[in-house]
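Visitor: In case you want the letters, here they are:
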Amino acid sequence: MGNKLLEVKELRTYFHTFKGVVKAVDGISFSLEEGEILGIVGESGSGKSVTSFSILKLIEEPGVVEAEEILFKGEDLFRKSEKDMMKVRGREISMIFQDPMTSLNPLYTIQQQIEEMLKLHGNFNEGQRKERCIELLRLVGIPNPEDRLKSYPHQFSGGMRQRVIIAIALAANPKLIIADEPTTALDVTIQAQILKLMKELVYNEGASLILITHDLAVVSQMADRIAVMYCGKIVEEGSTDDIIKNTAHPYTKGLLNSIPRLNKNLNRLEQIPGMVPNMFDLPRGCKFAPRCKYSKEKCLVEEPKNIIVGRGHRTACHFPLKEGYILD
Amino acid sequence: MIKLLEVKDLVQSFNLTSDFLDKLKLKNGRVTIESRVVNAVNGISFYINRGEVFSLVGESGCGKSTTARTIIKILEPKGGKILYKDRDITRLGPKEMLPLRKEIQMIFQDPYASLNPRQKVKDIIMEPMLFHRVAANKDEAYNKSIEILKKVGLRPEQANRYPHQFSGGQRQRIGIARALAVEPELIIADEPVSALDVSIQAQILNLLMDLKDEYGFSYLFIAHDLSVVRHISDRLGVMYLGCIVEKGSKEQIFSNPLHPYTRILLSSVPTIDEESITDSLELKGEIPSPIDLPSGCYFHKRCPFAKEICKKVVPQLKEIEDGHEAACHILLGEEGDRDNEKKGYTR
Amino acid sequence: MTTSAKSQQPKEKEDISIKERLNRIRSSEFIYNYKRNIPAIIGSIIIALALFVAIFGPLFAPQNPYDLTEIDLADAYKPPFWQEEGDSRFILGTDDQGRDILSGIIYGSRVSLFIGLTVMLMSCLIGTSLGLLSGYYGGKIDSLIMRIADIQLSFPSMLIALFIMSAFGRGVDKLLIALTLVGWVIFARTVRGETLSLKKKEFIEATKVIGLPNYKIIFKHVLPNVFTSVIVISTIKVGDFILTEATLSFLGVGVPITEPSLGLLVKNGFDVLFSGLWWVSVFPGLYIMMLVFGINLLGDFLRDELNPKLK
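Chains as they are written, first to last, in this note's numbering: chain A, 1 to 328; chain B, 1 to 347; chain C, 1 to 311.
Watch out, some of these pointers could steer you wrong.
Within a straight-line C-alpha distance of at most 30 angstroms, the following computed BS3-like cross-link-like pairs (lysine-lysine) qualify [as the list claims (entries may be wrong)]:
hint : chain 1 : residue 1 : chain 2 : residue 2
1    : B       : LYS301    : B       : LYS8
2    : C       : LYS199    : B       : LYS122
3    : A       : LYS19     : A       : LYS87
4    : B       : LYS138    : C       : LYS19
5    : B       : LYS120    : B       : LYS212
6    : B       : LYS122    : C       : LYS19
7    : B       : LYS122    : C       : LYS208
8    : B       : LYS212    : C       : LYS19
9    : A       : LYS150    : A       : LYS73
10   : B       : LYS120    : C       : LYS220
11   : B       : LYS8      : B       : LYS122
12   : B       : LYS122    : C       : LYS201
13   : C       : LYS200    : B       : LYS78
14   : B       : LYS138    : C       : LYS174
15   : A       : LYS322    : A       : LYS296
16   : C       : LYS216    : B       : LYS120
17   : A       : LYS73     : A       : LYS9
Facing chain B, according to a computed beta carbon distance under 7 angstroms, are these residues of chain C, among others [claimed, not checked]:
hint : residue
18   : GLU29
19   : ALA40
20   : TRP82
21   : ARG110
22   : ILE186
23   : GLU205
24   : LYS208
25   : ILE210
26   : GLY211
27   : HIS221
No lab work stands behind these hints: they were computed from the structure.
No residue lacks a Cβ here, since even glycine has one placed at the ideal position from N, Cα and C.
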């Protein structure tokens with residue numbers, strides 16, 4: 001495989017609110033190789049979105065980001081100034097957000113919005129910019145791009161808007177694209193179109209992709225590797241195959257079992273009991289212990305360390321569903 | 001089997017230009033009167049047997065939620081018939097509907113919008129009880145509401161809290177408790193799990209099924225998620241642009257989809273077990289506007305199999321096998337092939 | 001509070017819940033933010049002082065300016081006490097009739113605050129009801145009410161009030177009616193807007209599924225949810241009404257001379273303002289300013305805190 005593009009070490013993002021400290025992201029580490037698609041999966045409140053904002057240092061008061069290192073192409077983003085970060089955002093790392101209805105400015109045409117990105121990151125003259133706009137729109141599968149340049153966002157449907165947003169994200173040839181629930185607001189048929197498009201683009205343009213979603217099925221279709229988050233921690237990380245077939249963490253197992261399947265007839269779904277704990281009042285030991293059917297005394301008091309259960313497959317669990325060894 | 005609810009050719013539309021001044025339009029130098037109408041539901045028919053789960057599936061804007069709200073008469077139907085226990089309730093006024101309101105209840109999609117933020121949980125559940133005299137007095141209603149809370153998996157001491165103190169899944173449980181309060185027979189569930197996290201979805205789906213087994217409800221289940229529908233329903237109807245394009249039993253539709261739209265919908269669902277998205281049948285374009293409905297088959301512009309006839313003639317629902325109907329000129333599947341042969345079409 | 005406290009001891013249950021509620025309020029985010037918002041605290045102190053003065057003022061006012069026996073024409077136009085010809089009896093000086101300015105302000109603020117609060121209550125009542133009707137029922141009622149509101153809004157409210165007052169003459173009662181007539185619109189429009197968005201919420205649909213009659217839906221489910229906005233507007237509008245009243249009185253079409261408000265006091269001294277007798281109108285003017293400033297400080301805080309759209 002290729003070189004490491006992104007390496008996040010011990011990332012912590014805490015929000016200091018009046019009710020107390022919310023440890024939205026609590027000491028997570030992961031890395032991403034060039035050309036790779038990493039899926040980050042988690043339920044609401046797991047800290048998956050905060051992770052992406054933290055990497056780009058887009059966290060605002062009362063949030064505080066801390067990390068040992070956030071290495072991107074060998075440079076430490078965590079120690080970069082705001083001014084240097086501006087050059088990274090959009091050009092090197094771009095983001096695609098969940099809501100296609102609000103991510104575009106309704107007052108500007110599609111061309112203006114793509115050109116804005118081109119002006120910021122790249123030396124193009126006017127003619128080249130227009131050509132690049134058309135090229136990008138064609139790339140994301142918008143029919144008759146020449147005619148659509150002067151259209152406003154409201155003249156596009158939800159799926160088309162998400163395509164435009166992807167075009168903007170691609171405008172400066174970024175090395176890394178972070179997509180935060182890019183298809184959650186879309187219908188299944190449109191979701192299928194967009195996912196297909198994103199996968200093709202990532203391979204053809206040689207970019208890497210971090211796909212953040214709550215939907216394990218979507219991630220399993222798209223990603224090379226998957227990180228499962230729960231309460232601000234990565235509980236399991238590994239190749240897509242390992243996560244789906246050689247599941248090591250009870251939470252991942254629970255998630256997989258609670259998804260209704262199209263091709264299976266089950267009378268009852270297996271469910272994870274209880275609910276995600278209150279972020280102000282997290283359990284002491286393993287965060288998942290109160291809901292875990294395998295939990296023992298140790299889980300309630302001691303926080304689990306990372307255990308290697310396979311090649312490139314680790315989990316944070318005292319009693320993983322697979323044999324492993326602790327690496328320190 | 002006894003039919004609990006039957007809907008015949010139900011029509012619902014909304015006039016976007018209800019104000020007279022809005023209707024005036026300047027066209028070619030002349031003032032004309034014109035109104036824009038959203039055709040949300042265009043003549044759909046189905047029935048629900050007692051103790052059965054019938055689902056309406058479709059993408060956003062297909063009219064499935066509008067259908068639900070019309071059946072429960074929050075919206076007045078514009079055409080067609082609604083029969084409940086063989087009684088025509090289409091034109092009943094609010095007073096005559098009252099006894100039926102106790103028998104048909106609804107569970108809503110958004111757990112954050114479906115509970116009054118200024119009402120305590122116990123009041124939310126007691127209100128319909130007291131209004132419909134299911135409980136004789138406040139004490140009885142309170143005790144009953146505690147029982148119901150336990151049934152839906154909440155603790156009795158949570159009765160005195162306000163909705164904002166609960167998580168999404170718990171709120172949905174409160175919404176279910178409110179529907180149970182009046183001991184209904186038919187529950188209309190409008191996307192009850194689509195706003196919830198995956199692990200919570202399973203809890204709520206299981207709860208709905210357990211309650212059905214215990215009380216013998218019938219459900220009209222509205223959803224966009226085919227895997228959820230597959231899990232919960234006995235029979236289902238697939239909706240597109242205000243019409244049912246295919247209906248039948250769960251087995252019939254999932255193992256042998258006849259309509260191209262159903263087939264594409266099925267192949268678009270991401271699954272864990274097999275690669276489906278990258279080699280799925282791709283649907284061209286997006287849903288047309290319900291203001292200007294397409295001619296012929298509403299689906300023809302996006303259909304990969306469309307023929308000349310699809311542009312002109314509106315296809316009618318045909319029964320292809322027992323209880324399995326589809327509205328398409330060019331049907332898919334074995335039964336479809338036989339039917340197409342008769343007509344001389346090839347795919 | 002546990003299950004043991006069931007229906008057998010309803011009394012105790014109530015007590016605990018009140019205590020619990022107080023505790024909850026004390027530890028709420030609202031109070032937390034309030035304690036850290038200095039303008040809001042200043043605003044509430046000003047308002048509390050002004051209310052105290054208005055209610056209990058006559059008990060400690062140096063003079064009753066309407067009691068002719070207490071007034072001596074010989075004391076006319078005394079400057080504030082720190083000036084050379086000042087009199088320690090009249091801290092802020094006197095006016096042309098020899099009335100103590102401080103006492104005038106104390107008595108005048110009673111009139112001003114009474115008018116401001118009463119108009120607020122009346123506009124709030126009328127505006128909120130019309131807004132609820134308009135938003136909930138829609139259709140013709142809505143068109144009618146909103147067209148009236150539109151027409152009213154297309155004139156400056158001061159003009160309408162001026163017109164009404166000049167047509168009917170001075171008087172506190174007429175002033176109340178005139179100000180209410182211009183004041184209800186903002187309540188009606190805001191409440192209507194909120195009602196419209198609430199009406200689409202699923203919990204209102206749920207009440208219809210239950211079959212509740214409209215009046216119950218409006219009072220039990222819509223009204224409690226528009227209440228915070230109504231409180232915010234009410235606070236901000238009290239300041240507005242006090243100012244409008246002062247302006248009308250200053251123009252001579254407001255309160256009668258027998259019941260002078262702060263605005264009328266300013267007018268009384270205005271003729272002599274530039275002849276060196278500045279204190280007669282400046283002190284009442286300052287008092288109005290301070291009062292309205294305090295109300296606005298608190299109003300801004302409430303608006304930021306209670307308006308869910310800004311959060």
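Visitor: The structure should be examined with respect to each hint, and the outcome stated for every one.
Guide: Each hint, compared with the structure:
{"no.": "1", "hint": "B:LYS301 - B:LYS8", "verdict": "holds, 27 angstroms"}
{"no.": "2", "hint": "C:LYS199 - B:LYS122", "verdict": "holds, 23 angstroms"}
{"no.": "3", "hint": "A:LYS19 - A:LYS87", "verdict": "violated, 36 angstroms"}
{"no.": "4", "hint": "B:LYS138 - C:LYS19", "verdict": "holds, 23 angstroms"}
{"no.": "5", "hint": "B:LYS120 - B:LYS212", "verdict": "holds, 26 angstroms"}
{"no.": "6", "hint": "B:LYS122 - C:LYS19", "verdict": "holds, 19 angstroms"}
{"no.": "7", "hint": "B:LYS122 - C:LYS208", "verdict": "holds, 19 angstroms"}
{"no.": "8", "hint": "B:LYS212 - C:LYS19", "verdict": "violated, 41 angstroms"}
{"no.": "9", "hint": "A:LYS150 - A:LYS73", "verdict": "violated, 37 angstroms"}
{"no.": "10", "hint": "B:LYS120 - C:LYS220", "verdict": "holds, 12 angstroms"}
{"no.": "11", "hint": "B:LYS8 - B:LYS122", "verdict": "violated, 38 angstroms"}
{"no.": "12", "hint": "B:LYS122 - C:LYS201", "verdict": "holds, 20 angstroms"}
{"no.": "13", "hint": "C:LYS200 - B:LYS78", "verdict": "holds, 20 angstroms"}
{"no.": "14", "hint": "B:LYS138 - C:LYS174", "verdict": "violated, 48 angstroms"}
{"no.": "15", "hint": "A:LYS322 - A:LYS296", "verdict": "holds, 16 angstroms"}
{"no.": "16", "hint": "C:LYS216 - B:LYS120", "verdict": "holds, 17 angstroms"}
{"no.": "17", "hint": "A:LYS73 - A:LYS9", "verdict": "holds, 14 angstroms"}
{"no.": "18", "hint": "GLU29", "verdict": "violated, 12 angstroms"}
{"no.": "19", "hint": "ALA40", "verdict": "violated, 23 angstroms"}
{"no.": "20", "hint": "TRP82", "verdict": "violated, 54 angstroms"}
{"no.": "21", "hint": "ARG110", "verdict": "violated, 36 angstroms"}
{"no.": "22", "hint": "ILE186", "verdict": "violated, 23 angstroms"}
{"no.": "23", "hint": "GLU205", "verdict": "holds, 6 angstroms"}
{"no.": "24", "hint": "LYS208", "verdict": "holds, 5 angstroms"}
{"no.": "25", "hint": "ILE210", "verdict": "holds, 4 angstroms"}
{"no.": "26", "hint": "GLY211", "verdict": "holds, 4 angstroms"}
{"no.": "27", "hint": "HIS221", "verdict": "holds, 5 angstroms"}
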